[in-house]
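Generate coordinates for the entire structure from the input sequences, incorporating the hints supplied.
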Amino acid sequence: GENVEQHPSTLSVQEGDSAVIKCTYSDSASNYFPWYKQELGKRPQLIIDIRSNVGEKKDQRIAVTLNKTAKHFSLHITETQPEDSAVYFCAAVTEGSQGNLIFGKGTKLSVKP
Amino acid sequence: ETGVTQTPRHLVMGMTNKKSLKCEQHLGHNAMYWYKQSAKKPLELMFVYSLEERVENNSVPSRFSPECPNSSHLFLHLHTLQPEDSALYLCASSQDWGLGTDTQYFGPGTRLTVL
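Going down the list, the sequences are from chains A and B.
Okay, so the first sequence: first residue is 1 according to the numbering used here, each after it adds one.
Okay, so the second sequence: first residue is 1001 according to the numbering used here, each after it adds one.
Warning: the hint list may mix true and false statements.
Estimated spans, in silico, between C-beta atoms of each pair [what the hints assert, rightly or not]: (1) A:K68 / B:L1099: 17 to 25 Å; (2) B:R1009 / A:S110: 36 to 44 Å; (3) A:K108 / B:Q1082: 25 to 33 Å.
Calculated lysine-lysine pairs in the DSS-like style (CA-CA distance at most 25 Å, straight line) [to be verified]: (4) A:K105 / B:K1041; (5) A:K22 / A:K58; (6) A:K105 / B:K1018.
With the C-beta cut set under 8 Å, the calculated list includes, among others, these residues of chain B facing chain A [said to hold, decoys possible]: (7) P1083; (8) G1100; (9) T1103.
Hints are computed from structural coordinates only; laboratory data are not their basis.
Cβ atoms here follow ideal geometry from the backbone N, Cα and C, with glycine treated the same way.
This is the structure we're talking about:
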């Protein structure tokens, strides 16, 4: 079945710097890759997603890139702000998982003012 | 923020107790999910209901028993739990199930502690 690896597990950056979180997946049939943000004590919320027919997607300071050949996808946050501090989860979906999300372990991002 | 609600938000129970977690979604979705979130582990999918029918049961111990009486409500009945079952239990819903590309909306979770 699908396996999703996420790195790093923790990331600390200065306010204004960029942050990059990377995920790899095992099933080449994976076709949908969402990213969720979970602030402390709150629920996970979708922040951006990408489908396998697209290489990059941007939404203001957030972007996701997908390399299907290498089977990895990355979250890029530019001009980080303290409110970006949270745990970020990547996920992948394949037909083999019957449409169920397979999550990475999460990355705890800390943005220092 | 109020699209998916869960009660209670916190629950402490002994190993011999029986309790239930409740989830309600106000989004008109057809699919509902239970996840377990433990520290330093990926979110673990436990159960999926689509149109009130259970479509996924990921080798979850029988001490966890789901119930979906209608498309808006989902319960997780708990009995004779173990301390290692302590975790955050998240409910989620999506418009449909099967394609996997529908956004899942999560509830705030129930923090469960088993003594």
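Restraint status (C-alpha distance of A:K105 to B:K1018 at most 25 Å): 30 Å, violated
Cβ separation of B:R1009 and A:S110, checked against the hinted range 36 to 44 Å: 25 Å, violated
Does B:P1083 pass the interface check with chain A, least Cβ-Cβ distance below 8 Å? Since chain A brings no Cβ nearer than about 22 Å to B:P1083, farther than 8 Å, the hint is violated.
Range hint 25 to 33 Å (beta carbons of A:K108 and B:Q1082) holds or violated: The hint (25 to 33 Å, Cβ to Cβ) holds, given that A:K108 and B:Q1082 are roughly 27 Å apart.
Does the alpha-carbon distance linking A:K105 and B:K1041 stay inside the 25 Å limit? Measuring from Cα to Cα gives roughly 5 Å; hence the hint holds.
Is the distance from the Cβ of A:K68 to the Cβ of B:L1099 consistent with 17 to 25 Å? Between A:K68 and B:L1099, where Cβ atoms are some 19 Å apart, the hint holds.
Checking one constraint from the list: CA of A:K22 to CA of A:K58, max 25 Å. Satisfied? Holds, at about 16 Å.
The hint names B:T1103 as touching chain A; please verify it with the least Cβ-Cβ distance against 8 Å. 5 Å, holds
Let's test the interface hint: is any C-beta of chain A closer than 8 Å to that of B:G1100? Where the cut-off is 8 Å and the nearest Cβ of chain A is about 3 Å from B:G1100, the hint holds.
Consistency with the previously given hints fails for numbers 2, 6, 7, ordered from lowest to highest.
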